[in-house]
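Start from chain U and add chain Y according to the hints.
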Amino acid sequence: MSALGGLRVVELVDESAEYCGRLLAGLGADVIKVEPADGAPSRHIGPFAGDEDGLERSLHFWHYNVGKRSAVLSDVQLSDVLGTADVVVHTLRADDARARGLDYEVLSATNPRLVVCAVTPFGQDGPWADYLADDLVLMALGGSMAACGYSPLPDRTYDTPPLACYGDQAWQTAATYAAIAVLGALVWRADSDRGQFIDVSAHECSASMTEWHLMNYLCTGKPARRGATAMAVEAADGRQVTALIPDFLGPHIFTNLLAMLEADGVAGPLSDADYADPMYRMHHYNEIGNALARLATKHDADELFRMGQQAGLPWGVIRAADEAVEDRHLVARGHFVELERPDGGGPVTHSGAPFIAHGSPFRFARRSPRLGEHTDDVLAELSR
Amino acid sequence: MSSTAPAALSGIRVLDFTRLGFGSQATLILGCLGAEVIRVESSRHPDPIRVMPPYVPRPGETSERFGNATMAAKESAVSMDRGAIFFKYNTGGKKSIAVNARDPRGLDILKQLVAVSDVVTESFALGTMDRWGLTYDVMREQRDDVIYVSMSGYGHEGPDASYITMGPTAQALTGLTHLVGLPGREAAGWSFSYLDHVGGYLGAVAVLSALLHRQQTGDGQYVDVAQLEPATALSGPLLLDKLVNGRSSRRPDFPPGNRRLHPAGAPQGAYRTAGKDQWLVISCTTEPHWRGLSAALGAPAWADDARFATIEARVANADELDKHVEAWTSTKDKYDAMTLLQSHGVPAGAVQDSRDRLEHDPQLRAREHFTSWPHREEGAETLPLEGVPFRMSATPPSTGGAIHRGPPCLGEDTEAVLTSLLGMTSEDVAALQGDGVLA
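As you go down the protein sequences, you meet chains U and Y in turn. Residues 547 to 930 in the numbering used here are what the first sequence lists, from first letter to last. Residues 692 to 1130 in the numbering used here are what the second sequence lists, from first letter to last.
Only chain U is shown next, with the shape it has when bound in the complex (with noise of 0.2 angstroms):
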């Protein structure tokens, strides 16, 4: 059985927050996308099936709305679905939700047990709240945008820009957080018969996922500069690895990696006795680098991250993200699954499950749903 079997999700949003839906889809609700006649503006987003746009061709359409319906419904519909469900989630600001008669006050009244998220790129409050935001705004007013990019000169000035991201990862944390929020939100409803409205400021889940940043500014006085990702080297193939070196999960970290150089006899200045010692290899860091270097030259990229993660180092290969669909130990787990083509042209290769439980397993019941595709289903299942 579904973690959420037999819950209605109804979904009012933007591309902004479809990847929630997703999620709760894949946990066995079902989720409801309401649609504008002309369909959701996210069905004109590309890439496009053959390059070519139109309403059922739409790559990211397809990706963010596996697992749901499509209903296209007219506002006394809407209110009537609205009565039937547990969860809606909606992108509109505070002002746009009383507009059109869903603010909390006017859902919850007909519905108590109704559990509201609006997902919102400021929250609903605040001197920002009606300010203008898509995904690049958020990375950069979050803070991974000023702690990514490229190295400073050796004079220590940028003549690059700080980076953000490609793919929308602001706009995917603040909806993977509605889901988290969502879900609270029902555990407690199981105890307290009650629903609630759930405020999510994409900015401010943007602001959270800056790991260390935030917290080393607090206690140096000084923001880190950006600088590339650590500990990339370039192997035989040309393709990259990040091999890194967490001296801080003990000794065998080191002892393991100079076995691995000295087996290619690359080890240098990393066999000397003197490096046995952290605070030293700390001192002379760059030798390090040097030796991992050497080795890289001697393997391609594949073999080069396997070598060290044989030897207990969290190394892996840059990989494209559509490289990530061969890994042999995700298609083991059966974590790719296939789908349907929304436009009929057979089944394509999707990104599943996110873990693996046991109890309720996660899973798309169904293919990404063409426009109005369901929309008798929805009004059927309302007269009964």
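No lab work stands behind these hints, which were simulated from the structure alone. Glycine included, every Cβ here is placed at the ideal spot set by N, Cα and C. Do not take every clue at face value.
Unchecked claim - As a list, the in silico DSBU-like pairs of lysine-lysine whose alpha-carbon atoms are at most 30 angstroms apart:
#, chain 1, residue 1, chain 2, residue 2
1, Y, K967, U, K768
2, Y, K1014, Y, K967
3, Y, K967, Y, K1023
4, U, K768, Y, K802
Claimed, not checked - For each label pair, taking beta carbons as the anchor points, the in silico distance ranges come out as:
#, chain 1, residue 1, chain 2, residue 2, range
5, U, N832, Y, A1122, 50 to 60 angstroms
6, U, M547, Y, G1036, 47 to 57 angstroms
7, Y, T826, U, D739, 36 to 46 angstroms
8, U, R840, Y, E1068, 39 to 49 angstroms
9, U, H904, Y, A816, 13 to 23 angstroms
10, Y, A1071, U, R916, 25 to 35 angstroms
11, U, G811, Y, D1119, 51 to 61 angstroms
12, U, G835, Y, D835, 26 to 36 angstroms
13, U, G796, Y, E1068, 25 to 35 angstroms
14, Y, R941, U, N832, 27 to 37 angstroms
15, Y, T695, U, R852, 50 to 60 angstroms
For chain Y alone, coordinates are given in the frame of chain U:
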């Protein structure tokens, strides 16, 4: 925030063996939602983040900066309670007990705690808890409906289950590193462990959904969370582009820096502003954005250039357009420019570093995002912690959790937890502490 408000996870107890970043992030979220999170720790095998520099400076001290060099240097005997920064932001609202699981008496206490816990979480390397004798089957003998969630890099199932990850490893393997960079160059990647956050989010989802499943069925379960798996969904359209269109994202013009391909826009990117290494992001993807930008800049003559007349033309001539925009931004303060552009309906935002977020950002301040919680050694006036980025009207979440506390000292709650939950006496606890069993 009212201390009398109920919490979403009130009454839910989590016996928490997580350590380092990713697992700790998951149980941090559960604590924020009001679960009683009891960290099980050991002074002989401390969580590395308890002792990893830099530390919160004491009066008169300046702290070292974080970096590979300092990470190598944790050998020195540092107090377990010395506010190490990685520990700080991962453990607000959690309790801590000290137990030596390798001593039979310690293991017996842990089994008794499983019996009174709803959830057991851990993030050890594969097989660690099995070697103590604390397998899922043993846990179920203690409590039939226990929810056991393991969080590891590769998960406990699959051919490479013995592999380990840190955030940057997982980011490399799943494409996230490659997605940060300029066209034609090597990846710049992330300077932090984004996937420790993402893994933590999904670890929390695993626990919460298992609780909902238990509410419906009465059954517990085992959930195997692998840090790699949630990451593949973060670039889903790129996977489909490869499989449907044959277009891999490993190509010379990808990733496109700060430009976005879908929808394409211009001007779009980071622009230098006045000051040293200060930047503003502008992202114009519609005609109204463009008209607003032109108005905000006082309708400059270049805005009427035929090369910028349509969105397609602006995207095609984006490099030229960027020069005009940056000539304007480079004389402006980043926040002044942001405010002006926003007042004209243009999506724009300052590139904020940690100092900006803490000391300037009026939105985070108005939303009371940063909160401080008392610490046994540091007292009430502690450094602020990042807050919970969502509000709940009936069950307000809080970084201080249901206990309204900051990060715990090692074993701070040993006596209180074992006397209240297991009926042990303070003398029993003290004796076992003396024997090194509760240490």
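Okay, the hints, checked on the actual structure:
1. A distance of roughly 14 angstroms separates the Cα atoms of Y:K967 and U:K768; the hinted pair therefore holds under the 30 angstroms criterion.
2. At roughly 19 angstroms between alpha-carbon atoms, Y:K1014 and Y:K967 fall within 30 angstroms of each other, so this suggested pair holds.
3. Note on Y:K967 and Y:K1023: the hinted pairing holds, with a Cα-Cα distance of about 12 angstroms set against a maximum of 30 angstroms.
4. For a cut-off of 30 angstroms, the pair hint linking U:K768 to Y:K802 is broken: about 45 angstroms separates their Cα positions.
5. The supplied range of 50 to 60 angstroms is met by U:N832 and Y:A1122, whose beta-carbon atoms lie about 52 angstroms from each other.
6. With their beta carbons about 48 angstroms apart, U:M547 and Y:G1036 fall inside the hinted range of 47 to 57 angstroms.
7. Remark: the range hint 36 to 46 angstroms for Y:T826 to U:D739 is upheld by a beta-carbon distance near 38 angstroms.
8. Separation of U:R840 from Y:E1068 is about 46 angstroms and conforms to the stated range, judged on CB atoms against 39 to 49 angstroms.
9. A C-beta distance of roughly 21 angstroms is found between U:H904 and Y:A816, which places it inside the suggested range of 13 to 23 angstroms.
10. Between Y:A1071 and U:R916 the beta carbons are some 58 angstroms apart, a value that contradicts the proposed interval 25 to 35 angstroms.
11. Our hint of 51 to 61 angstroms for U:G811 and Y:D1119 holds, since their Cβ atoms are close to 58 angstroms apart.
12. At roughly 52 angstroms, the beta-carbon separation of U:G835 and Y:D835 lies outside the given 26 to 36 angstroms, and the hint is violated.
13. For the hinted restraint 25 to 35 angstroms between U:G796 and Y:E1068, the CB-CB distance of approximately 27 angstroms keeps it satisfied.
14. Distance hint check: the CB atoms of Y:R941 and U:N832 are about 30 angstroms apart, consistent with the given range 27 to 37 angstroms.
15. At about 55 angstroms, the CB distance of Y:T695 to U:R852 agrees with the hint of 50 to 60 angstroms.
The structure fails to meet hints 4, 10 and 12 from the earlier list, while all remaining hints are met.
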